[in-house]
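Each chain, written out:
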Amino acid sequence: MSSYKSGFGNGGVDYGASQEKGRVMEQVRSQIAVANLQEMIMKMSDKCFRKCVTSPSTSLESREQKCLGTCMDRYMETWNIVSRAYSDKLRKDSGQH
Amino acid sequence: MSSFGGGGSGGGQSDVDPEMQRFLQLESQKAQMNVRVHTFTDICWDKCMDKLGTTMDGRSERCLVNCVERFLDTTNFIINRLEKLGSK
Numbered sequence: 456m457s458s459y460k461s462g463f464g465n466g467g468v469d470y471g472a473s474q475e476k477g478r479v480m481e482q483v484r485s486q487i488a489v490a491n492l493q494e495m496i497m498k499m500s501d502k503c504f505r506k507c508v509t510s511p512s513t514s515l516e517s518r519e520q521k522c523l524g525t526c527m528d529r530y531m532e533t534w535n536i537v538s539r540a541y542s543d544k545l546r547k548d549s550g551q552h
Numbered sequence: 029m030s031s032f033g034g035g036g037s038g039g040g041q042s043d044v045d046p047e048m049q050r051f052l053q054l055e056s057q058k059a060q061m062n063v064r065v066h067t068f069t070d071i072c073w074d075k076c077m078d079k080l081g082t083t084m085d086g087r088s089e090r091c092l093v094n095c096v097e098r099f100l101d102t103t104n105f106i107i108n109r110l111e112k113l114g115s116k
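As they're listed, the protein sequences go chains U and G. Count along the first sequence starting at 1, add 455, and that's the number in my numbering. Count along the second sequence starting at 1, add 28, and that's the number in my numbering.
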C-alpha cells in the first residue's frame, strides 16, 4: 500500500478538497445510474415493442398501452430475478474452490 | 478548479488518492455487474418469457434462474474446453 497523503496540502485534512472529492464521487454515481437507466429503457423498448406493438397503427392503442405496462412490470421483475440468480451463482461457484 | 492527484513531475500510480481509487474500483465493478445483468436479462427474457401474465409465475421464475446458471456454466465450459484444446 502506498502511503500517499492528500495531494492538496501537507497531508492535513483539506476541507475544500474533501468536499470536491465528494462532489466528484456523487457525479460518478449519478452518471452510472443514468447509463444504467438508459440501458434499461432501450432493452425494455425493444422487448416490449416486439411483444405488444405487433402491427403499428397511427397511435398506440389502449390495448397496446396496457400490454406495455404489463411488459414493463415483468421486465423489471425479470431483471431482479436475474440479478439475484447471478450473484447467488457467483457466491456458490466461488465457494467451491 | 483544482485538479485531482495533485503533484507535478513524473507522478506514477501512487499519486492517485487511495480513497478515490477504491471508490472508482468498486463503482466500476458494480457497473460491470449491471452490464452483465442487462445482457443475461435480455437472453433469458427471450428464452423464458413467452407469454406475459399479469404476475410472474413460478415456472417462469425457475426458468430464469436455470437460464442464468446454465448460461454461466456454458461460458465456463467453453473456457475450460478451449484451455484443454490449447494445451494439446
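None of these hints come from the bench; they were simulated from the model. Hints should not be assumed to be uniformly reliable.
Unchecked claim - Computed list of chain G residues with no C-beta within reach of chain U, every gap over 12 Å:
| hint | residue |
| --- | --- |
| 1 | Lys-58 |
| 2 | Ala-59 |
| 3 | Val-65 |
| 4 | Met-77 |
| 5 | Asp-78 |
| 6 | Arg-90 |
| 7 | Arg-98 |
| 8 | Ile-106 |
| 9 | Ser-115 |
Said to hold, decoys possible - Partner residues are not named here, just some residues of chain G that face chain U (Cβ under 10 Å, in silico):
| hint | residue |
| --- | --- |
| 10 | Arg-64 |
| 11 | Thr-102 |
| 12 | Asn-104 |
| 13 | Asn-108 |
| 14 | Leu-113 |
For each residue, glycine too, the CB sits at the ideal point set by N, CA and C.
Status of the hints after comparison with the structure:
1. Residue placement check: Lys-58 of chain G does not keep its beta carbon more than 12 Å from all beta carbons of chain U (closest about 7 Å).
2. Residue placement check: Ala-59 of chain G does not keep its beta carbon more than 12 Å from all beta carbons of chain U (closest about 5 Å).
3. Val-65 of chain G, annotated as away from the interface, has a beta carbon of chain U within 12 Å; the closest lies near 5 Å.
4. At the 12 Å boundary, the C-beta of Met-77 of chain G falls inside the reach of chain U, the nearest C-beta of that chain being 6 Å off.
5. The non-interface label for Asp-78 of chain G is inconsistent with chain U: the shortest C-beta to C-beta separation is roughly 10 Å, within 12 Å.
6. The claim that Arg-90 of chain G lies off the interface is violated: its Cβ sits roughly 10 Å from the closest Cβ of chain U, which falls inside the 12 Å cut-off.
7. Non-interface status of Arg-98 of chain G relative to chain U is broken: a Cβ of that chain comes within 12 Å, the nearest being about 10 Å off.
8. Ile-106 of chain G, annotated as away from the interface, keeps every beta carbon of chain U farther than 12 Å; the closest lies near 15 Å.
9. At the 12 Å boundary, the C-beta of Ser-115 of chain G stays outside the reach of chain U, the nearest C-beta of that chain being 20 Å off.
10. Restraint check, Arg-64 of chain G versus chain U: the minimum CB separation of about 7 Å is within 10 Å; hint holds.
11. Below 10 Å, beta-carbon pairs count as interface contacts, and Thr-102 of chain G has none with chain U, the closest being about 12 Å; its hint is therefore violated.
12. The interface hint given for Asn-104 of chain G is met, as the beta carbon of that residue sits about 8 Å from the closest beta carbon of chain U, less than 10 Å.
13. Interface hint status for Asn-108 of chain G: violated, as the beta-carbon distance to the closest one in chain U is roughly 13 Å, over 10 Å.
14. Hint on Leu-113 of chain G is violated. Least Cβ distance to chain U is approximately 22 Å, over the 10 Å limit.
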